[in-house]
Amino acid sequence: MSKKVLVVDDDPDVRLFSVTVLEENGYTPMEAEDGESGLKMIKAEKPDLVILDVLMPRQSGVRLYRELKTAKALKDVKVIILSGIAKKTFLRSQKALTEFGGAQIPEPEIYLEKPVEPDELADVIKKVLG
Amino acid sequence: MKIKKLLFVTKFEELGFDALRSLLSLRKSALEHVVFVNVIERDRVAMRRGKGYQKDEEIRLREAANIRFIDWAENLFEQGMEVGVYIVVGSLVPEVIQASRKEDADLIVIGRSHKGVLEHLYSGSDVTELLRRAYTPVLVYKQLSETAISVEEPFERPLLAIDWSPGSLRAVEYIKAIKDTVQEVHLVHVADEKALKGPSAMAIQKTRKEARDKLDEICESFEAAGIKAREHVYIGDPDEEIEKAAKDCQATMIVLGSSAKAAWVEKFLGSTPRKIAEDSIYPTLLIAPEKADE
Chain A
1 MSKKVLVVDD
11 DPDVRLFSVT
21 VLEENGYTPM
31 EAEDGESGLK
41 MIKAEKPDLV
51 ILDVLMPRQS
61 GVRLYRELKT
71 AKALKDVKVI
81 ILSGIAKKTF
91 LRSQKALTEF
101 GGAQIPEPEI
111 YLEKPVEPDE
121 LADVIKKVLG
Chain B
1 MKIKKLLFVT
11 KFEELGFDAL
21 RSLLSLRKSA
31 LEHVVFVNVI
41 ERDRVAMRRG
51 KGYQKDEEIR
61 LREAANIRFI
71 DWAENLFEQG
81 MEVGVYIVVG
91 SLVPEVIQAS
101 RKEDADLIVI
111 GRSHKGVLEH
121 LYSGSDVTEL
131 LRRAYTPVLV
141 YKQLSETAIS
151 VEEPFERPLL
161 AIDWSPGSLR
171 AVEYIKAIKD
181 TVQEVHLVHV
191 ADEKALKGPS
201 AMAIQKTRKE
211 ARDKLDEICE
221 SFEAAGIKAR
231 EHVYIGDPDE
241 EIEKAAKDCQ
251 ATMIVLGSSA
261 KAAWVEKFLG
271 STPRKIAEDS
281 IYPTLLIAPE
291 KADE
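In order, the protein sequences belong to chains A and B.
Everything in the first sequence is counted per our numbering, starting at 1 for the first residue and increasing by one.
Everything in the second sequence is counted per our numbering, starting at 1 for the first residue and increasing by one.
Derived by calculation from the structure, the hints in this document are not laboratory data.
One should not assume that every hint holds.
Said to hold, decoys possible - Covered stretches of chain A (chain B as the covering partner; in silico rule of three or more C-beta atoms under 8 Å from a C-beta of chain B):
| no. | stretch |
| --- | --- |
| 1 | 71–78 |
| 2 | 81–88 |
| 3 | 104–117 |
Said to hold, decoys possible - In silico lysine-lysine, DSS-like type, Cα no more than 27 Å apart, as pairs:
| no. | chain 1 | residue 1 | chain 2 | residue 2 |
| --- | --- | --- | --- | --- |
| 4 | B | Lys176 | A | Lys75 |
| 5 | B | Lys4 | A | Lys88 |
| 6 | B | Lys206 | A | Lys40 |
| 7 | A | Lys87 | B | Lys2 |
| 8 | A | Lys43 | B | Lys11 |
| 9 | A | Lys69 | B | Lys11 |
| 10 | B | Lys275 | A | Lys114 |
| 11 | A | Lys127 | A | Lys4 |
| 12 | A | Lys46 | B | Lys28 |
| 13 | B | Lys55 | A | Lys69 |
| 14 | A | Lys95 | B | Lys4 |
| 15 | B | Lys11 | A | Lys95 |
| 16 | B | Lys5 | A | Lys40 |
| 17 | A | Lys40 | B | Lys102 |
| 18 | B | Lys28 | A | Lys43 |
| 19 | B | Lys5 | A | Lys127 |
Here a beta-carbon is modelled for each residue, glycine too, at the ideal position from N, C-alpha and C.
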């Protein structure tokens, strides 16, 4: 059975791009358009990998990632961040939330800054999912 | 009624990051989430003869907005804040109201309208339209360059205009909920000039005393909530007197209750909250009554 990958991004063009790459490489893609619906899908579908944007309506990738990595049942779900937000900002925001009393969480498996080439995305997905 | 989530509506030319920065003192109360909204007006990308829908222009405008929002968002994320974004093609007011509903925002911040006089006369301004339709409190932000007053923290010394309407009483509770951000509140009631035509000086003084007693009660409730408060009674035209009171008190913002008056009624009878929102040099916070339509 092919592995399930959830794409969480508010930009329909980016979702289409990622879904196409996933289909062409034999994965089963799923889509969510914001952090809140993304989290619901993760809980319901337990995907093998999440490709996550950061700046989105309703719930950002910063908070969604934190929720994933602090939930016992979800913390092993692998995450690739694909965003226009710089990696150093993402890491600083997580550090700030930890300083405000949140838990220490690990860095994402892979952090890609938009835009990416299809081959580059396919390669990192293979690398993460093995 | 705390301000946890703020919707920051911008076309960029009228409202920039400096405006948002001045609102971050709300973090002392409860602010933790900022949602940026940029609405690309439909006519900027609409069908043109021989060109069709201007998809390229839409992409260009979206990306221009995205680049600005990413920069702003990075700043806020690094402070541990939560940030969201909407870049949509459509009509400003319906899109803002839709985003506000989706996000369950506690405050909408918007810049003053820059429509021309004629356009304004026929179609009304976006701000007026938003004030009429939004149940969520709306802050009409005024830039320092347009106001000639220095407002570093708009919520520091609000002037609350009270007319005992449901909206203005709701505003009292709204300000109490952000007490950690507010240093001092000035309460003003503008009595109608007709009150001066009482049968005697005693009758006029009685009107003033009654208003003052009612304001006193609200002041006490502010003091009990830990906010310093002072009451003032002015007399005359509310539009002018509220502005004068704001100057006299060195207020940083004007707060008013608003009502859901129909557009045509407003056009002919006028509305003090909306006139002040549009014309005052002060940032103006409008609070609708509890059950207004959205």
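For each hint, the structure was consulted:
Counting residues of the stretch 71–78 of chain A whose CB lies closer than 8 Å to any CB of chain B gives 0, which falls below the minimum of 3, so the coverage claim is violated. Counting residues of the stretch 81–88 of chain A whose beta carbon lies closer than 8 Å to any beta carbon of chain B gives 3, which reaches the threshold of three, so the coverage claim holds. With 0 residues having a beta carbon nearer than 8 Å to a beta carbon of chain B, the stretch 104–117 of chain A misses the requirement of three or more and the stated coverage is violated. Our distance criterion of 27 Å between C-alpha atoms is broken by lysine 176 of chain B and lysine 75 of chain A, whose separation comes to about 40 Å.
Distance restraint check for lysine 4 of chain B and lysine 88 of chain A: the Cα-Cα separation of roughly 26 Å lies within the 27 Å cut-off, and the hinted pair is therefore satisfied. In summary, the hint linking lysine 206 of chain B to lysine 40 of chain A is not supported, as the alpha carbons are separated by about 62 Å, beyond the 27 Å threshold. Between lysine 87 of chain A and lysine 2 of chain B, the direct Cα distance comes to roughly 32 Å. Violation of the 27 Å bound is thereby established for this hinted pair. For the proposed pair lysine 43 of chain A and lysine 11 of chain B, the alpha carbon gap of about 37 Å is over 27 Å, so the pair is violated.
As the CA atoms of lysine 69 of chain A and lysine 11 of chain B are separated by approximately 36 Å, the hinted pair breaks the 27 Å bound. Restraint check: the Cα-Cα separation between lysine 275 of chain B and lysine 114 of chain A comes to about 45 Å, which exceeds 27 Å; the hinted pair is violated. For the proposed pair lysine 127 of chain A and lysine 4 of chain A, the alpha carbon gap of about 15 Å is at most 27 Å, so the pair holds. Among the hinted pairs, lysine 46 of chain A with lysine 28 of chain B is inconsistent with the structure: their alpha-carbon atoms are about 38 Å apart, more than 27 Å.
The suggested pairing of lysine 55 of chain B with lysine 69 of chain A is violated, with an alpha-carbon distance near 39 Å, which exceeds 27 Å. In summary, the hint linking lysine 95 of chain A to lysine 4 of chain B is supported, as the alpha carbons are separated by about 21 Å, within the 27 Å threshold. A distance of roughly 32 Å separates the Cα atoms of lysine 11 of chain B and lysine 95 of chain A; the hinted pair therefore is violated under the 27 Å criterion. Distance restraint check for lysine 5 of chain B and lysine 40 of chain A: the Cα-Cα separation of roughly 21 Å lies within the 27 Å cut-off, and the hinted pair is therefore satisfied.
A distance of roughly 16 Å separates the Cα atoms of lysine 40 of chain A and lysine 102 of chain B; the hinted pair therefore holds under the 27 Å criterion. For the proposed pair lysine 28 of chain B and lysine 43 of chain A, the alpha carbon gap of about 34 Å is over 27 Å, so the pair is violated. For the hint linking lysine 5 of chain B to lysine 127 of chain A, the alpha-carbon distance of about 38 Å lies beyond 27 Å, and the restraint is violated.
Hint violations for this structure: numbers 1, 3, 4, 6, 7, 8, 9, 10, 12, 13, 15, 18, 19, all remaining hints satisfied.
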